[in-house]
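For the protein sequence lines, the chains are S and E, in the order given.
Numbering of the first sequence is given in our numbering, commencing with residue -6 and proceeding in unit increments.
Numbering of the second sequence is given in our numbering, commencing with residue 61 and proceeding in unit increments.
Hint data in this document are derived by calculation from the structure and do not stem from the laboratory.
Computed from a predicted model, the values in this text were never measured in an experiment.
Don't take every hint at face value.
[Stated by the list, open to error] Among chain E residues calculated to face chain S with C-beta under 7 Å, some are:
1. 145
2. 508
3. 510
4. 564
Ideal Cβ positions, reconstructed from N, Cα and C, are used throughout, including at glycine.
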Amino acid sequence: MALSERPAGRRLLGRPRAPKPTYPPMSFRKWWRTLGWRHVVLLVAVLFALYPLAWMVSASINPIDTLSGARLIPAGASLDNYGQILDNPPASPFMSWLATSWKISLIVALANVLLGAMSAYAFSRFRFTGRRVGLLAMLLVQVFPQFLAFVAIFLILDQMGDVVPSLGLDTHLGLILVYLGGAIGFNTFLIKGFMDSVPLSLDESARVDGATPTQIFWRIILPLVRPALAVIGVIAFVTAFSEFVLARTLLTTVGNLTYAVGLQTFTLSEYASRWGQLAAGAVIGSLPIVVTFLVFQRAIVSGLTQGAVKG
Amino acid sequence: MTDLRQRAPDTSVKDRTGYGTGWWLKMAGIALLDAVAVWAAVVLVADGAWLFLTGLVIGTLFVNWVYLWPRTMALRWITPGLVLMAVFLIIPIVYTFYISFTNWATGNVVQKPQAIAIIENRSFVDPDAPGALFDLYVYQDGDELRLLLIGDDGALVFGEPRLRSDEARADATEDPVALGITDGDGDGVPEQIGPYRLLSRPQVFALANTLAFDQLVIDSDAGQVQILGLSQGRVVQATQRFRYDAATDTMNDLVGDQACRPGDTVSTRGNFVCEDGTELDPGWVETVGTINYTSILTNQAIRRPFLGVFTWNVVFALVSVASTFALGLGLALTMQHERLRGRTLYRSIFILPYAVPAFLSILIWQGLFNARFGQVNGMLEAVGIDPIAWFSDPTWARTAVLLVNLWLGFPYMYLICTGALQAIPTDLIEAARVDGAGPFTVFRRITFPLLMVALAPLLIGSFAFNFNNFVLIYLLTAGGPAILDAAVPVGATDILITFTFDLAVASGAGNRFGLGAAITVFIFILVMVISSLSFRYTKRLENIYGAL
């Protein structure tokens, strides 16, 4: 099922909602037996879901560095912790880490989608020997999570750094290339599925009009699969943003770390005393992503059932 | 419909005549790539890294062929991704297999010729050799310490000292005359050399309280200057101690008058071992066959922790999948009622644990479970339960891991269960109801089996993911609490991949790449088995073939 094909009856973005059906009123007993207990169960689950998040926000505005606060809304709430983080202290430069993570994740997401779309285009639109085997091989290799090979990747990047220092260990470019190599196969496979659903007659008529394959790719296919690419891009972004093993193995300088690795080193060094800063850092780090997820809920959820996995 | 794709698109005309911007961009890109490749090749030849050089040459020729040969249309679109995938996914996997058959570890990281060169270059200074005596003067500029030695014949050595135990260095001496000598009183001992000022005797005595002068040496061209006390030093000629004999593959110890041969036991492979039993450092990387694998299976010191970790790893993944699936399905079923209000709000809240990047929420959970300051214990205390040592008791640490993973994983299960429930045709359920089946029977006989058909591959995928859920374990407990009597660093919540990580890069005992890679290969095989199960369930492969 393509992302663009939603089951009938579900609301498409921007279209008016169907009028709500009206139900006859019921007695409390009946309400309790059909609906009431459901609310109770769901509310308990809501408490569980919100528990750490609520305390995260609470601690981030708590002027005393404590995480055993008895009150969710702390006395004398202030934004001091946020101020300290925004100051980017040299020992734990939160803002540099966050900027690094955003930079790396954005480049990885864009390049991943572009490279994936390019190879998907070839697999979807060209006939060539080894096509079937190639696609199959790409998917099978992807069975191995890339980070498991961190020892080998570390040694390869070490060697590459001897030759081209800007690609070696402790460089962002090196890490970006490693991330790009990790998910191409799976993204190619996913995007190919969407491209296959674009009718060939569109290519054919464009070709009759004299369009080259490059023009067909950029002007016809890409715009048509753009919604799917957006979802894959968001998931690629979050995956790169949350990746830990390779970033931890390859990056070493404090100012050079990603947010995930930086925060982990922060917890190791100053955790017990600076809990408010960590909580504020977590809020700052997660807010944009949480908002994106809530806005694109439907698209991301249908991406999930296609087997897309977030890290 | 006739398949229009059967014909390769005819673009040759455009390709041959068009020298537009695209063509120039392409040419510039290839030229740049080739330039970098040639430069890299030069460096690799100098390094003697033939394996990497071969890869580079093949890769560069391939890219050039793809973009310069006229009939490679499809490959032009695939190559950028393919190259990245080859270099950073396929080669690392193959390389991991290779490393698992070597003794690659701290102390064995270079190739044999390099190791021989390093050992041969190591200078040896006889501690009992007489040597020529020099007078010693100490100079200082801020934190920088310099020593000046003046011989009987007026010879000068000026330089930065190092401890005897440190590595020898090539550029320790400087020319005092070039730095600028100030000798105000004309006694032949300068008060000032460049920025460095002569220290008085009391100052030297004070310095000697914190610095062991008789452990200092200076590496100079005239030989090694050994500092004997606070006022004297001597210059001794360094000699070569080891000489390699290629014909017999022996490293001869000229001082100890003994032969050192490559070791042949498990622990000495890749090192020269002398007749008196000493091992020479550094060693080199050598293929050692299946030693790493057999030591996992037979070496008690590794096998016991490995089996413990493996068992917990399987239990952890199974319980994680089962608990998250149960909660997710339960919530999805609870919300399946068209008259239930607030479903959108509930869903938005349940999506939150999934949306927050896992590493952030795990770090928060770690704080909440903190035994002394954590909110969890605070809450328990409020209802009269004694505080729990979450991270120092093995059972409680495992409980905490599973609880946090339940929180992390249930939204995903809830979402996919909701999707799958909606896809089950309602008329099936209606029909069962009409036939008199109660809600429980309907669920057991119809809903659940249909659900499993749709979700089995996703559950297997979730198992595979959790089996290697590095971030959860590493950020929440770091594998701890540590099992103290184990010979390798290992903890009660370690799973295979965190165990490997500690073994390979993060442990204080040095890096054991070879052993780590062997365990990784073991994980690879498990992942392969799990995935083939998944493929079998989904018949995904057939679907691919169907789509081709």
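Interface hint compliance - residue 145 of chain E to chain S, C-beta minimum distance less than 7 Å
Residue 145 of chain E check passes; min Cβ-Cβ to chain S is 5 Å, inside 7 Å.
Against chain S, with CB atoms and a cut of 7 Å, does the hint on residue 508 of chain E hold up?
Nearest chain S Cβ about 18 Å off; hint violated.
Does the closest beta carbon of chain S sit nearer than 7 Å to the beta carbon of residue 510 of chain E?
Where the cut-off is 7 Å and the nearest Cβ of chain S is about 15 Å from residue 510 of chain E, the hint is violated.
Proposed interface contact between residue 564 of chain E and chain S, which counts if any beta carbon pair is under 7 Å
Holds. Min distance 5 Å.
Violated hints, in rising order: 2, 3; the structure is consistent with all others.
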